[in-house]
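Protein chains: 2
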Amino acid sequence: MKQKIIKKRVVGIDISLEATSYAIVDVKGEVLVMESFATSDYPDINLFVSVLSERLMDMVERNGGYESIRSVGVSALSANFMTGSIENSPNLPWKGVIPLSALLRDRTGYAVAVANNADVRALGEHTYGLARGMRDFVVLTMGSGIGSCLFSNGMIHKGNDGFAGEIGHTCVEPGGRQCGCGNKGCLEAYVAKKGIVATANELMAETTTPSLMRGIENLKALQIAEFCNQGDELAIEVYRRTGEMLGFGLANYASLVDPEAFIFTGGLTKAGKWLLDPAKEAFDKLVFHNTYGKTQFLISEEYKVSNDVLGASALAWEVREYSLFK
Amino acid sequence: MKQKIIKKRVVGIDISLEATSYAIVDVKGEVLVMESFATSDYPDINLFVSVLSERLMDMVERNGGYESIRSVGVSALSANFMTGSIENSPNLPWKGVIPLSALLRDRTGYAVAVANNADVRALGEHTYGLARGMRDFVVLTMGSGIGSCLFSNGMIHKGNDGFAGEIGHTCVEPGGRQCGCGNKGCLEAYVAKKGIVATANELMAETTTPSLMRGIENLKALQIAEFCNQGDELAIEVYRRTGEMLGFGLANYASLVDPEAFIFTGGLTKAGKWLLDPAKEAFDKLVFHNTYGKTQFLISEEYKVSNDVLGASALAWEVREYSLFK
Numbered sequence: 001m002k003q004k005i006i007k008k009r010v011v012g013i014d015i016s017l018e019a020t021s022y023a024i025v026d027v028k029g030e031v032l033v034m035e036s037f038a039t040s041d042y043p044d045i046n047l048f049v050s051v052l053s054e055r056l057m058d059m060v061e062r063n064g065g066y067e068s069i070r071s072v073g074v075s076a077l078s079a080n081f082m083t084g085s086i087e088n089s090p091n092l093p094w095k096g097v098i099p100l101s102a103l104l105r106d107r108t109g110y111a112v113a114v115a116n117n118a119d120v121r122a123l124g125e126h127t128y129g130l131a132r133g134m135r136d137f138v139v140l141t142m143g144s145g146i147g148s149c150l151f152s153n154g155m156i157h158k159g160n161d162g163f164a165g166e167i168g169h170t171c172v173e174p175g176g177r178q179c180g181c182g183n184k185g186c187l188e189a190y191v192a193k194k195g196i197v198a199t200a201n202e203l204m205a206e207t208t209t210p211s212l213m214r215g216i217e218n219l220k221a222l223q224i225a226e227f228c229n230q231g232d233e234l235a236i237e238v239y240r241r242t243g244e245m246l247g248f249g250l251a252n253y254a255s256l257v258d259p260e261a262f263i264f265t266g267g268l269t270k271a272g273k274w275l276l277d278p279a280k281e282a283f284d285k286l287v288f289h290n291t292y293g294k295t296q297f298l299i300s301e302e303y304k305v306s307n308d309v310l311g312a313s314a315l316a317w318e319v320r321e322y323s324l325f326k
Numbered sequence: 001m002k003q004k005i006i007k008k009r010v011v012g013i014d015i016s017l018e019a020t021s022y023a024i025v026d027v028k029g030e031v032l033v034m035e036s037f038a039t040s041d042y043p044d045i046n047l048f049v050s051v052l053s054e055r056l057m058d059m060v061e062r063n064g065g066y067e068s069i070r071s072v073g074v075s076a077l078s079a080n081f082m083t084g085s086i087e088n089s090p091n092l093p094w095k096g097v098i099p100l101s102a103l104l105r106d107r108t109g110y111a112v113a114v115a116n117n118a119d120v121r122a123l124g125e126h127t128y129g130l131a132r133g134m135r136d137f138v139v140l141t142m143g144s145g146i147g148s149c150l151f152s153n154g155m156i157h158k159g160n161d162g163f164a165g166e167i168g169h170t171c172v173e174p175g176g177r178q179c180g181c182g183n184k185g186c187l188e189a190y191v192a193k194k195g196i197v198a199t200a201n202e203l204m205a206e207t208t209t210p211s212l213m214r215g216i217e218n219l220k221a222l223q224i225a226e227f228c229n230q231g232d233e234l235a236i237e238v239y240r241r242t243g244e245m246l247g248f249g250l251a252n253y254a255s256l257v258d259p260e261a262f263i264f265t266g267g268l269t270k271a272g273k274w275l276l277d278p279a280k281e282a283f284d285k286l287v288f289h290n291t292y293g294k295t296q297f298l299i300s301e302e303y304k305v306s307n308d309v310l311g312a313s314a315l316a317w318e319v320r321e322y323s324l325f326k
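Read top to bottom, the protein sequences are chains D and P. Under the numbering used here, the first residue of the first sequence is numbered 1, with each subsequent residue one higher. Under the numbering used here, the first residue of the second sequence is numbered 1, with each subsequent residue one higher.
Treat the hints as calculated values from the structure; they're not laboratory data. One or more hints might be untrue.
What the hints assert, rightly or not - Label-pair distances were calculated between CB atoms; the ranges are:
id : chain 1 : residue 1 : chain 2 : residue 2 : range
1  : P       : L17       : D       : Y322      : 51 to 57 Å
2  : D       : D284      : P       : A19       : 36 to 42 Å
3  : D       : D284      : P       : S68       : 50 to 56 Å
4  : P       : E35       : D       : F297      : 45 to 51 Å
5  : D       : D277      : P       : P174      : 16 to 22 Å
To be verified - Cross-link-like lysine-lysine pairs, in silico, DSS-like; alpha carbons within 30 Å at most:
id : chain 1 : residue 1 : chain 2 : residue 2
6  : D       : K285      : P       : K184
7  : P       : K285      : D       : K95
8  : P       : K273      : D       : K184
9  : D       : K280      : P       : K184
10 : D       : K294      : P       : K95
11 : P       : K194      : D       : K285
12 : P       : K285      : D       : K194
13 : P       : K285      : D       : K285
14 : P       : K280      : P       : K194
15 : D       : K270      : D       : K194
16 : D       : K273      : P       : K285
17 : P       : K294      : D       : K95
Don't be surprised by glycine CBs; every beta carbon is placed ideally from N, CA and C.
Only chain D is shown next, with the shape it has when bound in the complex (with noise of 0.2 Å):
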């Protein structure tokens, strides 16, 4: 009788805007290789499918060899994991679905599984960081955008249709400000970097204090939060107005979801206290009193350039191993 043999590695892959990252990690998530080229050097789907293939495939003959590998897991934006496609990116080089799961698995195969950021971050501290042993919690992505991953039970919650965890598109002020999605008053349009933007113009035209940040050309949300360290106070003013919008928000979803943390990921996370101090104390005076006092506000300690590679490689792990060459 063949034995069979215990495949104790996984590929993770972070495909983003800037890089494509590939890496090979085993079971205690420790990153053993990992190589990476330009996303955008690649327009055409086909083309970089092609290429992100031979060179995985490539680096694994180097390392361990074919039968060494289990499964892969990808991150990916605008990915959908139930259906392992890439849908419709607004800001990734190629249109339309993409149909990566099935392209990848048909060129190495190995089972492939694809997954956003946001559920691939919150597989990650489920794995390897700072939600091991939790079984309820949520996972805030911050930056340009403002998106989350809800756990259920141990489980990514995706909904019926593989879109839940839209807190950004949550509306936190009745008739407020115009979001890109349509809607007025989102959570995004204040909190993501363009809103904090927008808050620090508004808030120099209300006043005339002196601030660091008037006459600045191109100002950057996290520029503003360099200058709340300077001591600026239109600044401090600036997050904690962001902050207090992101406590409304982050109250009404605990009041509905009652986490054990919300964990938060992503560049915005770099403001710290000047964003997350404010979001605390309007979430403690919102938030459902049976819940009061009891959600941990967590950063990410994870967040780094191979986070969505290892929660990638967290993702492998969730699928059933597979081959097309057995």
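Guided by the hints, dock chain P onto chain D, whose structure is given.
Just chain P now, kept in the frame of chain D:
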């Protein structure tokens, strides 16, 4: 070897303000026999549990005997699924924390699961009702309060502490109407029965429009719905404003959890289209576009006296069989 008996019946118990009902239910959800008594007759919890257990065991003896019953499910106000206790109910006659599951188990020898009415209705709808086959959906309880239960991946989402689903205490109007929970602008302050009457009083004060509502002492929410049926414009406007608030709360809920359906249960569902048509209209305007047009609004067909007993029987199947007397 002793053959294990397959037990094809469970007991469902519903403890509400008015009555405590208990029934034997088969695998298909047929109520074989049901009895009840006035909950308020037993303000002492130990006496209540003794009387309930004795009457129940007597009913069981007369209908198939001890061994025919697998387990017991209980629907109770303010019940915590995770602890099996009734916790600090503001309405039931017993104060503090009542370990109902343990009390009933010790007296009957059956495994006993306890949950609140939103959870039990969701289980009932999933097992025997409109949510049959659904994995991700929300059941709402609409009456003196507004509650909900989310199903995620085919299971109840309880959250970290068992307090998920508090849609009644999500904020729909920042700084708005005072809610009994201490916060302002909660959905419940507008959409529960008292809130609807408050809106009616506001509207009557705002305008001089003639209305059947005027001059009625102790106006009731369902009475206002009756006036809608008679074409009363101001009454229709009361429900239009109420529905708008409900639609707002549901849109945020759906953007977060992407449910296949909202299933409405409870006394207020008798207001029917007067409440749900404007709710759906507001919902469609606000929900995130990926979820637009997908979420069904359904009124439970099962809402009748036996419903919570049926739901409680569905809960009974969820617990592992147990007996003190084996």
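Going through the earlier hints one by one, which of them does the structure break, listed in rising order?
-> 16
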